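Q: Listed below are the residues making up each chain.
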Amino acid sequence: MIKVENLTKQYVIYKRRLSALKHLFGFAKEGRDYELVRPLRNVSIEVPTGSVHGIIGMNGAGKSTLLKILTGVLDKTEGSISIEGRVASLLELGTGFHPDLTGRENVYINGSVLGFKNQEIDQKIAGILNFAELGDYFDRPVKTYSSGMYVRLAFSFAVAVEPEVLIIDEALSVGDAYFQQKCLKKIQEFRDRGTTILFVSHDLGAVRMLCEHVTLLSHGQVVFSGAPIQAMDLYNDIIAGQKKLEDVQARADKAREIEGTSTYSSGNEKMRILSAKLYNDRNQESVAVVSGSAICIKIDAIVNVDSIDNPTCGILIRDRLGYDVFGINTHQLGSKSGTLKKGDKVTYQFDMDLNIGPGDYTLTIALHSFQSHIEDNYHWLERALLIQVLPTPGFTFVGVARLEPKATICQH
Amino acid sequence: MPESPPQSATNKNLSLLVSLTKREFKLRYLGSILGSYWNLIHPLMMILIYTVIFSRVMKAKLGGEQDTFAYSIYLCSGIFAWNLFSEVVNRCSMSLIENAGFLKKIALRPYIVFGASFLSALVNFCISFSIFSVFLFFARPVDPLHYVLALLVTVLLGLFGLGFGIFLGCINVFLRDVQQMVALLFQLWFWFTPIVYLHGTLPEFVQKLLVFNPAFPFIESLHTLIFHNAMPPLRYGGLMLFWTVVAGLIAAYTYKKSISLVRDNL
Chain L
1 MIKVENLTKQ
11 YVIYKRRLSA
21 LKHLFGFAKE
31 GRDYELVRPL
41 RNVSIEVPTG
51 SVHGIIGMNG
61 AGKSTLLKIL
71 TGVLDKTEGS
81 ISIEGRVASL
91 LELGTGFHPD
101 LTGRENVYIN
111 GSVLGFKNQE
121 IDQKIAGILN
131 FAELGDYFDR
141 PVKTYSSGMY
151 VRLAFSFAVA
161 VEPEVLIIDE
171 ALSVGDAYFQ
181 QKCLKKIQEF
191 RDRGTTILFV
201 SHDLGAVRML
211 CEHVTLLSHG
221 QVVFSGAPIQ
231 AMDLYNDIIA
241 GQKKLEDVQA
251 RADKAREIEG
261 TSTYSSGNEK
271 MRILSAKLYN
281 DRNQESVAVV
291 SGSAICIKID
301 AIVNVDSIDN
311 PTCGILIRDR
321 LGYDVFGINT
331 HQLGSKSGTL
341 KKGDKVTYQF
351 DMDLNIGPGD
361 YTLTIALHSF
371 QSHIEDNYHW
381 LERALLIQVL
391 PTPGFTFVGV
401 ARLEPKATIC
411 QH
Chain H
1 MPESPPQSAT
11 NKNLSLLVSL
21 TKREFKLRYL
31 GSILGSYWNL
41 IHPLMMILIY
51 TVIFSRVMKA
61 KLGGEQDTFA
71 YSIYLCSGIF
81 AWNLFSEVVN
91 RCSMSLIENA
101 GFLKKIALRP
111 YIVFGASFLS
121 ALVNFCISFS
131 IFSVFLFFAR
141 PVDPLHYVLA
151 LLVTVLLGLF
161 GLGFGIFLGC
171 INVFLRDVQQ
181 MVALLFQLWF
191 WFTPIVYLHG
201 TLPEFVQKLL
211 VFNPAFPFIE
221 SLHTLIFHNA
231 MPPLRYGGLM
241 LFWTVVAGLI
251 AAYTYKKSIS
261 LVRDNL
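Chains as they are written, first to last, in this note's numbering: chain L, 1 to 412; chain H, 1 to 266.
The set of hints was computed from the structure by calculation and includes no laboratory data. These numbers were taken from a predicted model, which means no experiment stands behind them. The beta carbon of each residue, even a glycine, is placed where N, CA and C say it ideally should be. Heads up, some of the hints might be wrong.
Stated by the list, open to error - Examples of chain L residues lying across from chain H (beta carbon under 7 Å, computed): (1) Thr8; (2) Tyr11; (3) Ala20; (4) Leu24; (5) Thr71; (6) Gly72; (7) Val73; (8) Leu74; (9) Asp75; (10) Glu78; (11) Ile109.
Chain H with its partners taken away, still in its complex shape (with noise of 0.2 Å):
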């Protein structure tokens, strides 16, 4: 197909991948009334459920004495990253597959199609996040350094799924199983990470064991960072580094690998 007028290849790729994450939005939302509000009902409706369900209950493991919004400030803390990293993850397994129809008749690279679904899901979090950021401003403001520290955690997060996703789209290509597989894994990893629920309330053996989740450092420093106001230990920004560097060398591995072998079998 066409290649675009004179222009650098980093610009041409850029554009592509706008118009490619413009793309997802439009297909997601077409023909629905509520169209990208659905974005915030979902989020919205989790929150409400988890707190009628557990601010009782964890309101002493809270400890001291805490407002009616803790534990929904405890629990939006965590959920809004966590729900990033699973949407990156769940896409960019599926995103080869679902663009196929493109890569099979035009000249793409075809990271740019996670690229697309990493950007996509970046702008979800974002819209929900802005409106928890308004909340939280009002409700419990966070120093800023915290804050942006979050921001980057979350951004952390997301690299992270970005690198692991590419890793089963990849796969997924030739096992379909992944995807499915995809889909209880993370509804196991969620219960396994303390996102509704506080790590404190885990027996103490299942807390050693949280070592080995590479969620447990990203959602547990969002947790100090934002519902604490503290700084997260060092160790936990070591942690987060480690499973990011380690999802991208796995990432780029699977893919040059596969890559030619991916188009052969779309």
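Bound-form chain L, shown alone (with noise of 0.2 Å):
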């Protein structure tokens, strides 16, 4: 049970060094010394004990600071927090290693902060050794670990000490995708069995599998708090509304997170993109979309030219490591638009079941003559978009195509 209620952190900025100095001892004054700054305002939370509770938000939204709190790391400035049972939490795994000594060493130092004696730990270590899958690396240096292995220890010691309540911060986006797997696993076991996980994430797929109820900050508020499905609604609008002022550009720098490539647009101008969005099947704008609903995607241009005769727009769905998913034009599709004069604007729309595998995934969008982009190429804009695919409850299978096959066992 973890009851959380008005919590509310607040930090002094200082303006200066010494006006810490000048604070500590009472001469310093708001405005001129520092500032305060409030990254969680009355922020109220009620966990039950056994329930898998999601926090989501916008970076910023306060989110890291309420799970220090929680664990006990910061202070609080107002407002009461209340954890019942032994807590064990995730928060940047394993920082607490130390780089210089060995795997086993670290264990065993972390386990005696922790209050656990040697023999309780000896209890544990065949336990952490073998989850983590470290081999001979355990009893080396943990400075000589790769970033997975270290997030591999860090995990198998977490989980090893058997909490009754669990808060991980981003614990899976780190580490590859088998290991994620066997964390997710280990996750649902815990739950299962009825610990009391609070889990924080970007990753609304996880969040959308794991959690019963989901909370929404937004500027270290509760913007929400209720069903995961709803919640992702909301993060989607607030997603939405902070892009609306700005275009397809502002798209393109989410679809650059994932990518860590720069958007590339290319292109003679002759038409110009103006703006790209996803439309989820209750017709909202949105960027996380349920695997096999129907979606849509609304492409906004200008004519920049006299006179363009039959313009082509096509899409290109490519996932997270780059490879074309699928691709399609309105010249393939057989629509054509005529001839547009300077100054027309045109929408496209691609309406499609969305029968893709859950996972991150981009939208290229070109605007060219004909058939390709070979010949006339107006405008093409690389990774114009980004588009979350959410695993559907009740339909899990691997891949990105989604084939929906019948199984049928015959006996004979």
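With the hints as a guide, bring the two chains together.
A: In structure tokens, the structure reads:
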């Protein structure tokens, strides 16, 4: 059981080096020497024993601050917190490890720091080694580890203490897919055993899979608390709202975040893409949509030359590794706009069922003549949109293509 | 991070203190062959150097029929305690920052790290002082009462250092110049305190200033107890208590005022 009531956190931001000293001895004035910021304001959350609660929100919404206060690493300014049961947290995994000590030594020292006796750790060590799959590396200094190994050790250590309350912060965003799945499975195991779990993540797919209840934080306040699907819709609204003023470029920035490369824009600009938007099956603008659901992509464009004959608009969906998943254009689909004049605005709309697997994808958009952009490329916008595809409850599969087979079993 | 299995808070803090102290030791001598023997090599080297340089000069000043070890004993009776003091202050002034990784991730009460710094310095002292004690036992036995009092004085000096160190440690989080200043201060302080020399060798007016040196009553008491095998004047006792209490109060005030901000700023 985790109960947070009217929690407020206030940080003091000093304007000069010496301001902090003045503040300690009571000589500082607000405004002149320091400013106050409140990353959390009147936050109330209640997580009943044995349930999984998700916390989502954009960067800077106050998620990490909340978790740090819950785990006792930071002091609260106002409000009350009560947590029942033994708590384990995975705050930025394994930062308590010392690079010069071996994995084993770190486990013992961290364990004893957490109040475990050496004999108790002796009993857990086999389990930790087994789960972390470190092999010989377990007895080598942690500084020789790859980042994945580091995370494996940290996660294994944290789960080995068999917590009653587990607090997880972005734990699954590191490590390879295999280990991520292993962690997820372990978390599900904990859930089934009745561990209370607080799960903070950007990974909406994981939140949706694990959580029964989701709280949405924005600018340090609870915006919504309730069913995951509604929370995610609101989350999308917030993201969409913040991007409203900016157009395609802002979306592209979002896409850049996952691919680590910049948006690439090219073409002779005879025609220009003004905006690209993704709508979910309830016709709401969204960045996260459910696999297999109906979506709509709308692209607004403007003509910059006197006359243009039957321009083609194309879309291309790529997975996070950059492989083409699906691409098509209006020429291939046989829809024609006829001749357009300077200043004409057109909207291209693609309606489809999103029959691709869960994961992050990008959408590339192109305006060109005829069949492809090779002849006359008007405007090509690489990674214009990020599409986050969420898993469908009740239909799990692996891979990019959603094939929806029927299975029949005959006994002979 | 996990709370311990049911244990009293004091018990938990104590075991934490022990494991943090162990960790400090382990890390300090990691990758060295001689390991904790370095703890002995350093003071031995220091004693050797000072003995070579000062013993002739000081011999006359020590007065009377002095044996060859006289100066060494005089030096050792003060220098080990000084080393403890300086190590405690230096460690404490940096311990919040050095343990930032821990403090930022694990719900420790931050004063634990000061405790660990103090304990590890104390262990160091015990090692070197016990060897000195054996030597002392054979070369120039001291009245057991004086010996026990000397240990008490040393611990008191350590506590004075702890208070001073906590004060500096808290400020150091906001102003890193502190740790540089501490190094400098201790150079000056060491030579302003009669440890390698006798306070009688100082000019008259400087001797008067020594009253304001908080370390002076401690070191001088140790000289009296161990080297002269006599009771130090009572006012030294008063001064020692006074300084320790003052340092303790300053530490408590600074810690209480700053600790929440320290956590925000680590």
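Q: So, for every hint listed, does it hold in this structure?
A: Outcome of the hint check:
1. Thr8: Since chain H brings no Cβ nearer than about 13 Å to Thr8 (chain L), farther than 7 Å, the hint is violated.
2. Tyr11: holds (6 Å)
3. Ala20: It holds, given that the least Cβ distance between Ala20 (chain L) and chain H is near 4 Å, below 7 Å.
4. Leu24: Status holds, d = 5 Å.
5. Thr71: holds (6 Å)
6. Gly72: Holds - the Cβ of Gly72 (chain L) comes within 7 Å of chain H, reaching about 3 Å at its closest.
7. Val73: holds (6 Å)
8. Leu74: holds (6 Å)
9. Asp75: holds (4 Å)
10. Glu78: Result: violated, 12 Å to nearest chain H Cβ.
11. Ile109: For Ile109 (chain L), the interface hint holds, since the closest Cβ of chain H sits about 5 Å away, which is under 7 Å.
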